[in-house]
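S.K.: These protein sequence lines map, in sequence, to chains A and B.
Counting from 1, one number per residue, gives the positions in the first sequence under the numbering used here.
Counting from 1001, one number per residue, gives the positions in the second sequence under the numbering used here.
Certain hints may be false.
Heads up, simulated DSSO-like pairs for lysine-lysine below, C-alpha to C-alpha not over 27 Å straight-line [claimed, not checked]:
id: 1; chain 1: B; residue 1: 1124; chain 2: B; residue 2: 1151
id: 2; chain 1: B; residue 1: 1124; chain 2: A; residue 2: 298
id: 3; chain 1: B; residue 1: 1124; chain 2: A; residue 2: 293
id: 4; chain 1: B; residue 1: 1177; chain 2: B; residue 2: 1102
Here are a few chain B residues that face chain A, going by a calculated C-beta distance under 8 Å [unchecked claim]:
id: 5; residue: 1063
id: 6; residue: 1064
id: 7; residue: 1100
id: 8; residue: 1108
id: 9; residue: 1114
id: 10; residue: 1115
id: 11; residue: 1270
id: 12; residue: 1273
id: 13; residue: 1276
id: 14; residue: 1284
FRET-style restraints, in silico, Cβ to Cβ [unchecked claim]:
id: 15; chain 1: B; residue 1: 1096; chain 2: A; residue 2: 276; range: 29 to 37 Å
id: 16; chain 1: B; residue 1: 1188; chain 2: A; residue 2: 140; range: 53 to 61 Å
id: 17; chain 1: A; residue 1: 140; chain 2: B; residue 2: 1180; range: 27 to 35 Å
Please keep in mind that the hints were generated in silico from the structure rather than gathered at the bench.
Backbone N, C-alpha and C fix where the C-beta goes; we use that ideal spot for every residue, glycine too.
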Amino acid sequence: MSRQKEKVIAIAALLALAVFPLVASPRIGGEVKNILVFCILTMGLNVVVGYAGLLQLGIAAFFGIGAYITGILTVSQFPFQWNFWPATLAATLGSAVAGAILAAPTLRLRGDYLAIVTLGFGEVVKFAIKNLENITNGSRALNPIPAPDNLLDWNGNYRWYYYLALVMVVLVALLLRRLEDSHLGRAWFAIREDELAATCMGLNAAQVKLSAFAFGAALAGLAGALYAASLNQTGGPDSYTFNRSITVLCFLIIGGMGNLRGAIAGTFILMGYDNILTPWIDEAVQNSGAQWKFSTFKLVIFGLALILMMRFRPEGFFPSRRAEEDAAG
Amino acid sequence: MLILLQQLINGLTTGTLFALIAIGYTMVYGIIELINFAHGDLFMLGAFLALTIVTRLGLEDAGVAGAAGGIVLTFLCSMGFCAGLNFLQDRIVYRPLRNAPKLTPLVSAIGVSFVFMGLGQIWKGVADINFPDVIPNQNLLGTDALRFTAKDLLVILVTTPLMAGLTLFVRYTKMGKAMRATAQNPTAARLMGIDVDRVIGWTFAIGGLLAGAASVIYGLTINTVSFQMGYQNGLYAFTAAVLGGIGNLPGAMLGGMVIGLVRSLGSQYVGEQWTSALVFGILILLLVFRPSGLLGARTREKV
């Protein structure tokens, strides 16, 4: 697909998304708002897994760290009570720092071991959120997170958070698009393709990987901040499980790793299936008077789809140009 | 002192359970470098089958002889079922992906895990289910201060011969030798006339066999099963495999024991709710300082 055509499609999709909440029901619109927030998370994971080729199985941890930094800095039970905007910035930077701290000692590990460390870190963060009740309120979560300002009716009308998320998605996508062609982006790709060759060309592999890791964590933190704000609360520890981490990995892989189209499309396809299509079919089945529920089978169907996808189109629905060339041989 | 001893007993018995599941992870990883995320859910399906059999046979009030026979039958069924299912999983899902990039079979494994979990959900529903209490919880020691129950004995009676048998199998049989060769270098093994796909099939079957045994033990001793049990226990078992040095058989057994002990001692001295975080914290620290695990050989990254 040419750059030109890509641009046209992106703008068309953006326009459709901008008009969508004006015509959609609040329930569906709210779901799409959620999907937009998760698009940022998937794009963050894409930096680590897709661009730099590091398997990260604990992205939910950074999502959670972002949400809880926002929560701690804004809710009334703590003395900070910051406004949403500086809190979001702090969540983004805080997650990046957490990512760097985790990555610094572990980046020399071989691929799978790094994946396992991230998995373990994800579990540690989940249990920390659950158990540090003095700070996190445990499973009751931190709430209420105040609205960004008093000018708009943030809590009464989901559309404001929807447009905020949409603007963030566009900003992040533009930033990453520019990064792909930058010195840093090319360094990420080089490390992914052949670490040895890249280091022979004078790249500092540890530094390049660390930056990818921290960058991915930062985007996950930003997504977490938006998620918490749009829910008015941080969501309990169960929102930040290993299951979430691998689900987001599935978004990325079904969509197509290593490019923005894939990350965004994958998130829309799978979350759309889970949160919009499944309830819709359930409702239709119920209205027809049948006794069974589609949602009972949703996990099996999702699993089968993953297996079939890996068998017949492992590069995802919207592969990056490079993956397309590889698949063509 | 007695408390410590008690926690050691508890830790070692749960540890052997994790070890049995961990072996399935470690053997598969050792041969095809795949983290088989579906293994924990296979364990869950085994436990569900055991639940069905135990309930159908009415073992709860079958008398000692009847219960013993029924338990043996349950073990055989669950072990056979899990072995067959694991073998089929490899045959249908992973075998066509042998030459694919590593992420492809990994995502397939996540897919299989979802399918298994979904099937478990359809089979028995989402709620926790009570597993009939067939084995009496009676203390075998003459004192009240220390408990070593019939359930603990069952765990040891089943796991020890299985692990010993597996060790002997891998060390002395022709298939065992072929497994070790394939783990070392699949290409060279193939050149030496080893049917690598057959070896991999056997590996999956054996891993399933042990997971099946573990699932029956779990049901009989923990007495609660749910469709999510595979996820949490699978994660622990996988951690055990990594702790011991993934791909390393004695390592998986040791890793299982270590995790069992960390959990039991942790719940005694640190606090029940922190044990899981403790396990994964130790995992991270160990990987930072000794990436190959407790018993794993230090391999150099191939260029």
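S.K.: If you take the shortest Cβ to Cβ gap from residue 1064/B to chain A, is it below 8 Å?
M.R.: violated, 40 Å
S.K.: Is the hint on residue 1276/B kept, meaning its closest Cβ partner in chain A is under 8 Å away?
M.R.: holds, 5 Å
S.K.: Any CB of chain A closer than 8 Å to the CB of residue 1100/B?
M.R.: Since chain A brings a Cβ to about 6 Å from residue 1100/B, closer than 8 Å, the hint holds.
S.K.: 29 to 37 Å was suggested as the range; check whether the CB atoms of residue 1096/B and residue 276/A agree with it.
M.R.: With Cβ atoms ~32 Å apart, the hint holds.
S.K.: Checking hints one by one. Is residue 1273/B an interface residue toward chain A, by the C-beta closer than 8 Å rule?
M.R.: holds, 5 Å
S.K.: Identify whether the interface hint at residue 1063/B stands, where standing means a beta carbon of chain A within less than 8 Å of its own.
M.R.: violated, 38 Å
S.K.: Residue 1177/B and residue 1102/B were given as a pair; does the straight-line alpha-carbon distance stay at or below 27 Å?
M.R.: holds, 25 Å
S.K.: Would the pair residue 1124/B and residue 1151/B pass a check requiring their Cα atoms to be no farther apart than 27 Å?
M.R.: holds, 25 Å
S.K.: Go through the hint on residue 1270/B and say holds or violated, using the shortest Cβ distance to chain A against 8 Å.
M.R.: violated, 11 Å
S.K.: With a cut-off of 27 Å on the C-alpha distance, tell me whether residue 1124/B and residue 298/A pass.
M.R.: holds, 16 Å
S.K.: So, as I understand it, the hint says residue 1284/B touches chain A; can you test that by seeing if any CB pair is closer than 8 Å?
M.R.: holds, 5 Å
S.K.: Report holds or violated for the interface hint on residue 1114/B, using the least CB-CB distance to chain A and a cut-off of 8 Å.
M.R.: holds, 3 Å
Checked against the numbered hints above, the structure violates hints 5, 6, 11, 17; every other hint is satisfied.
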